[in-house]
Structures are given as structure tokens and as C-alpha cells.
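Using the sequences plus the hints, can you model the full thing?
Numbers 1 to 33, taken from UniProt numbering, label the letters of the sequence shown in order.
Keep in mind the hints are simulated off the structure, nothing from the lab.
Only true hints are included.
Listed next, with one range per pair, are the computed distances between beta-carbon atoms:
| id | residue 1 | residue 2 | range |
| --- | --- | --- | --- |
| 1 | 26 | 5 | 29 to 35 Å |
| 2 | 3 | 24 | 27 to 33 Å |
| 3 | 5 | 25 | 26 to 32 Å |
The beta carbon of each residue, even a glycine, is placed where N, CA and C say it ideally should be.
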Amino acid sequence: YKLCSWLALIFCAQSLANMKNMETDLRQMSMAF
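See the structure below:
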């Protein structure tokens, strides 16, 4: 149970980081155009 919640926490953090990366990528692309 502890391991499962730990994995869920890591997955949540990773998805949040990916969202931030996508946001910066979109900003860079909009700046390029």
C-alpha cells in the first residue's frame, strides 16, 4: 500500500513536470513564430 501511494506520488509529480515542460515548449514555439 505504501509503495503504491509512493508510485502514485512520483507519477503525479512526473505528469506535473511534463505539463510545465509542454508549457515552456509551447511558449518557445509561439516566440519562434
